[in-house]
Structures are given as structure tokens and as C-alpha cells.
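**Student:** Next come the chains, spelled out residue by residue.
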Amino acid sequence: MKRAERIALYGQGKEYRRRLLADVVRDRWLFLLLLPGFVYFILFKYVPMWGVVISFENYVPYDGVFGSQWVGLKWFRYFFSNKAWTRYLSNTLILSLLNIVFYFPAPIILALLLNEVRSVKYKKLVQTFLYVPHFISIVIVVSITLVMFSSGGIVYRLTEQLLGHPIKYMTDPNLFRGMIIGQTIWKETGWGTIIFLAALTNVDTQLYEAAMVDGAGRLRRLWHITLPAIRSTIVLMLILRMGSVLDTGYDHLILMANSLNRKASQTLDVFVYQQGLQQAQYSYASAVGLMKSVVSIILVVSSNKIAHLMGEEGLY
Amino acid sequence: MKKLLALVLAAIMALSVMSFAGAEAAEEPFVLSVMLPDFYTDVEFVREGNPLLDYIQEQTGVKLDIQLQANSSYGDILATTLATPESMPNLISFPGRDNTFVQNVNAFWDLTPYVFDTATYPWLANEAGLNIHKATAVNGKVYGVFRSRAFPRAGIYYRSDIAAKVGITKEPETIEELTALAEALAGYSEDTYALNMVGNYTAGTINVITVAMGAPNTWGVDENGNVYPAHESPAYLEGLKWLRHLYEIGGIDPNFVTVTSSDWDNIERTGKAFMRFDCNDNAHRQQEWFEKNEGVTEQIFEELIGLKKADGSITCWPQNAGYAGLVVVTKTVKEEDLPKVMKFLDWCNSYDGQMLLNAGLENVTYWIWADGTRHVYPEDVAGDSEEMVAKQKEYTDRNVTLQGSINQLTMGVPGDLTSSKYPTASSPLRDEYAANNIEFAKYAVLNPCATLTSETYTAFGSTLDTLLSDAAVQFISCVIDEDELKSVWEQWSEEGGEQIKAEYTAAYQAANAQ
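Chains as they are written, first to last, in the numbering used here: chain Y, 138 to 453; chain H, -11 to 502.
Keep in mind that the hints were calculated from the coordinates and are not lab data.
Incomplete in silico selection of chain H near chain Y, CB under 7 Å:
| id | residue |
| --- | --- |
| 1 | G63 |
| 2 | A67 |
| 3 | V461 |
| 4 | V467 |
No more than 25 Å apart at the CA atoms, straight line, and that leaves these computed lysine-lysine pairs for BS3-like:
| id | chain 1 | residue 1 | chain 2 | residue 2 |
| --- | --- | --- | --- | --- |
| 5 | H | K260 | H | K280 |
| 6 | H | K229 | H | K297 |
| 7 | H | K280 | H | K153 |
| 8 | H | K51 | H | K319 |
| 9 | Y | K305 | H | K229 |
| 10 | H | K474 | Y | K220 |
| 11 | H | K430 | H | K122 |
| 12 | Y | K400 | H | K474 |
| 13 | Y | K211 | Y | K429 |
| 14 | H | K296 | H | K430 |
| 15 | H | K331 | H | K129 |
| 16 | H | K260 | H | K229 |
| 17 | H | K331 | H | K319 |
| 18 | Y | K400 | H | K229 |
| 19 | Y | K305 | H | K260 |
C-beta atoms are modelled at their ideal positions from N, C-alpha and C, and glycine is treated no differently.
Next up, chain Y with everything else stripped away, as it sits in the complex:
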């Protein structure tokens, strides 16, 4: 909005302030509603952000943020001067990519399948069962996996009998990522359908009827009506996902890792956990964490840009 237009609309100087005040008084309840959320973000998201200064210090908790020695970019140099960082970054990126390719579409496909179920009662029942795994702790999921997939477990024995040789699910580094993605899909797919099912309820049923009259089969209707209708939701979810795509989590990976498959489990999150919590290297860990966040912001901004270019609304 140009300055002249703005002045014409809201006035200038005293006049502007008077109108603003009048607006605020008129919408006081709306502002009041806004307040808790506003305070929350300031208090819990913006204030702690100043903590990143410890990435540039040799932070010792007792000396405090202001008392610790300033070391500039030392920790960043440390990280990049070491050959190991490429392994951490590539492990993170590979796992993230697999997550996007295999896990991200899973809830969409499942939601579309559920949408085709005719009996409402059956659909509700299936949905309930699908949500259960989400509430199971990852520790339990890993324990169940261990029982089923390690030697002597039912899956291990079954594959051994079918193939004639065993597959070392729990110790082969090449299978590590597959196991992680598999567990994520098992645990979270059902829960992930919620948002897509909600989007699906907005599809105008008249469109289906019209398409049926025109002789469109189920697949055609899916392709030409359902998918375009939820496309913006999918894009939105994908962009949101890009923000956390580098978050591989550390608990799941640490639980699944052992001496034989560890090289596939070493991601940036695991590194931050090991350095920051287990070794009390707060500064070093925050430096690596900060770097990860910068990459995440770049991913979100660029994917939002791409969405705009594709003619979607995007995140903002």
C-alpha cells in the first residue's frame, strides 16, 4: 500500500492515532484474545532465541551467558574442520529425504483409501485402530521390533525359512534407515490421516455426482476431483514438513543403533544430544543446532517460493 493511499484511508498524525485508538477500543475483546498467544510466542519462542549467543562462547553454566569466554566462530570451525561432519550431514539428509519420499505420502494414500470406505461404522472402527500406534511410546515400538526382528524373532525366522539365509535386520547398516522409516510409517501414518480426512470433507459432493453422470469411474473421480481438492492442504503440509525435515529425532535413532549399524544412525540431532547432554559441551552443541536451524529456514523459505511459483497459496 502506498503512503498516499494509506493516509487517505487512515488519516495522518493525530487523526491516525485517534482512529487507531478507536479501533483498538472497538476490537478490545479480539485483542484480548490475541494476547495469550502473543505472550506465549514472545516468552517461549523469541526470548529463548537469545540463548544462541552461547554458540559463540565457551559457555560454562556457572559463569553465565555474560561471564563466559567469547570464542567467535570457533565451534563452527571445529565442526567443519573435522571430516566427520559430512557423515552427520549426509545421514541427516538421506534420512530426511527417505522420510519425505516414503513417509509423507503414506497418510495421504491412507486417507484416500479411508475416504472410499462405504460403511461409516466400519470406517470409524478402522480409524480408531489406526490412531492407536501414535500413542505407543517409541521405546515400546523399538522393543517390539527387537523381539520380532532380531535373531530368533518371528520375522527373522520367517525370512530365513523363505530365503534360505537370514537377513540381519537389526545389525545391517544398510537396513537401518529402512527400519526407521518402517517404524515411523507404522506408528504415525494413521495419526497423519486426520488432517487430510478433514480436508476431504470439504470436497463438494455435487462434483462427484456430476462426474458420475458423465461416466467417470472411481479412479477418474479420485484423480480429477479429490486430489485437486486437497492439493493445497498437501502443499501446505509439505512446506510445514520442510521446516522440521532435518529433525531426525535422537531418541528413536539412539534406541535402534548398535555397534554394527551405528554409522547410519549418526545424524545432526544425535550429535547435538551426545555433545550437549552427554558431554556437557553446551556451546558446541548449540552451534551445530544453530547451523541446522539455518538450513531448515532456507528449506522452508525456498519451498514456499516454489509453491508460489507453482501457483499455490503456500504458507504465507
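On the provided structure of chain Y, position chain H as indicated by the hints.
**Tutor:** Showing chain H alone in chain Y's frame:
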């Protein structure tokens, strides 16, 4: 009538206010908060009206506020506790003199003036502990009271009854005899194994055998005063090959990598494996478990520490450097209160204090029997009958609720005094354990870098250590061969190992030049 009632009520109020004021006027106890690892997370520790805590207060004037944190996640909790210095407990039990400790010494009081003051603190500054105090120092200052541990403590123990069944009745004295024993145990049956190994703690197993072969303990120093890592010694590879050979002939569970140390004891108790390289006090614990649960009456375990190499020399890996962990006094304690706190820690090291922390109180958590030995239940419930065993369990269960994990505050600077007056019932294995620890202490190989600092090690050490131990496990379980193992060692050098070597060498030479 109303007036009278009002008067009475007013009188009651006034009285209660007065009595409240009276309580306040009485001497406030000196409260010390202390954070300890909890080994009994499933038991509710009694805090109010606990006779043990009351006794401590009576003797020292200190009211302990004990904060127990699960041992399994103690390291993580410690790091977060230290991150908020203003709310740290007054005393913290540290699991070791590790990176976390060294990084945070600013948050603890320098105890150097106290731990060498023999006149004022006879127990804390006891002669027996002076050298260890020096060994725990950071930049020449003592920041914590060490918690002493039996030394060298680690070794080899095995099922002697199974060994006899496969034809070996003599306790091994040389590495060759150990090999023969391991091979024989491996051949005992199809679904049992010779050596009990677990995936998440392989350091002990590997260290016991590699140091016995002649490798240094983690770091070694050559004749020119240069520091080198254990894996650069040929004996280290010999040790790994020994384990690999055992793995190949079926002497180690092919699936051991996914087994965790929480199952370690069970593997032996269910008769799945017969030998373990670990802390040798497990030998008598396992023996006692078999006696109690399996009705075993014979001695079925044997333990040993030193093994002769081909040239007749003996080297062994000590599980610790004479201490494991420290108790620190954080700066949440006022400086003027420090002597009072040190007096309390001094008492904890006395006979009285050690007895209280380790055994509790007589006729409350322990009983002296007619023969002068100390037990965790009274003599009148002794016996093997079902009824008596149930009663004994009642006593031991109740003891745990009173004692919890307060024994984690034991420092034992003057050594363990608890058995001096009323010894606990002994057994041949317990005696052998104690005798072995004394006999083989002189053969223990110490880590020359334990008190040195390397900046690169502080930053990358844990990652690099994992790299080495993973490679060792992969080599043992035949996933990689010798060339691949050596390429991992190469990778270790490139990712910071060379720097650590240089930094340790400089620190070592500086320390020895003084």
C-alpha cells in the same frame, strides 16, 4: 455466653501463634541438599521419620535433603542440573572425573585447603587417600572428594563346574591356558557360549583381554615420551583376534551386539554362557544367587586377575584408578558454611559415617549375630525354610526403603572401615576377591592421560571413542576384516586422533617436566 466463647477462641489462637513462634525460635537444622544416582527406582525411599536420616542429623547437625535421580539417565540429568547453577543441589555425586566434571569445575568449591588438612579433617585428609586426592585434581586443584573403589577389581571369572565337565580343573595362569579354557567352554554344547558379551558395554571385555596381552590401558607412552592410543600397540590387535577367534568357533553369542547389559547377569543365571571379563565381585554375587535360587551348595565359580604372557610378565586392566566418581560441593553452599559442610563430609568418612551410609543402624537395618558377624536380618529368622526366607525378604525389602541409595554418598577416603568391627559373613570367593585385588594391584596398568586434558578430545572424544569401539566389535563379530579395521583406525587419526595424540603428548611432557 458469646463473649466467653470469643474469649476462649482468642486464647486458643494466641496460644497457637505462640507455639508456632516457639518452634521457629528453636535452632534451625542445617539443611544440605544432595543429588545421588538411584539404583532402586522401583522403591519409595522414606524421607520423613527415617531413623537413618535422623541419626545423621543427631550426629552432625545436618538435615539431608536427598534428591534421587535414576542411575540409567543420571548423566543427562547431571548435565541439565549443571545448566541451572542457581538451583544446583549443595552436594552432587559425580559418576566420574569426565568431560562434564572438568568443564564445570567453576561451579564447585575448591576443596584443596580442606582435603589435605589432616589436623582438622582426620578422615577426609586421611593418609590413605592423599595421592588419590592429587590424582583427581584439575589444574592442580581438588574440586571433589573421590569415592574410593577396590583396585584393580576387574578380571575374569567363570563356571568352574562346567570347566570341569569339559576337562579343565586347573585355574588358568597363562594366556595359553585361558585360551584352552575358553575353547573348551565353547565346545560344551550347541546353544551355550563360552564368553558372556553384551553389545552396549564392550569396553570392559576388550580392555581385560587386550591389556592382559600387553596393550596399554587406553593410552600408552613410548620411550620418547610420546603418547599413543592403545590400538597402535600390536598387543591390542592380538586381543581382538583372540575374541574374534572365540566368536568364530561359536564361543560368543552371534547376536551379542543387540543384547544389553541389563541381561548380562541373566545370561549366566540361565546357563547360556560361562565366562565373563568384568568386575570380579560379580563372581561371588553370582555364586550367592545360585546358592539362594538354585540350591547350589558347591562353589561353582572361580575368579582370577593376572595372566602370564609368553615371557612370564603380567599386566592387567584396572577397572578404575582407585576411585570411581567424586562428591562435589557446589557454590550454592555459602563460603562461610564450607567448613561445616567439610566437617559433615569428614564424618561420612569416619567409621560411624561409613557404617551408617553403607549398613544403616544396628537393629534397624542390620543385626550383629552371636558369632560377631553383621547381617541384614536378625538371627532368629535365619534359615532356609520357606517361612524364614519370606521373613528375611520382609526385612531386606524394608531395609531398602530406609537405605535407598544413600550408600552412593560413601566416599571411603581412609578405605572401607565397615568390616573392621563386625565383618559380614564371608565366603571363599569373597576372600579370594579381596586377596586378588591386593596381590595384583602392582600389575595394574594405569591410563597415563586420565588426568590430562586435550581440547580436541573434549570436543570430539566421545565420537572418536565410539568409532574405535564400534570397529572393534565389528572386527570381533567378523563383519569387517583386519584391513578394514586398520582403515577405521586411519579414519580415527584423520578425524582428530592425530591432534589428540599431539595434545596429550604435550600435556604429558609438561606434567612430567615439573
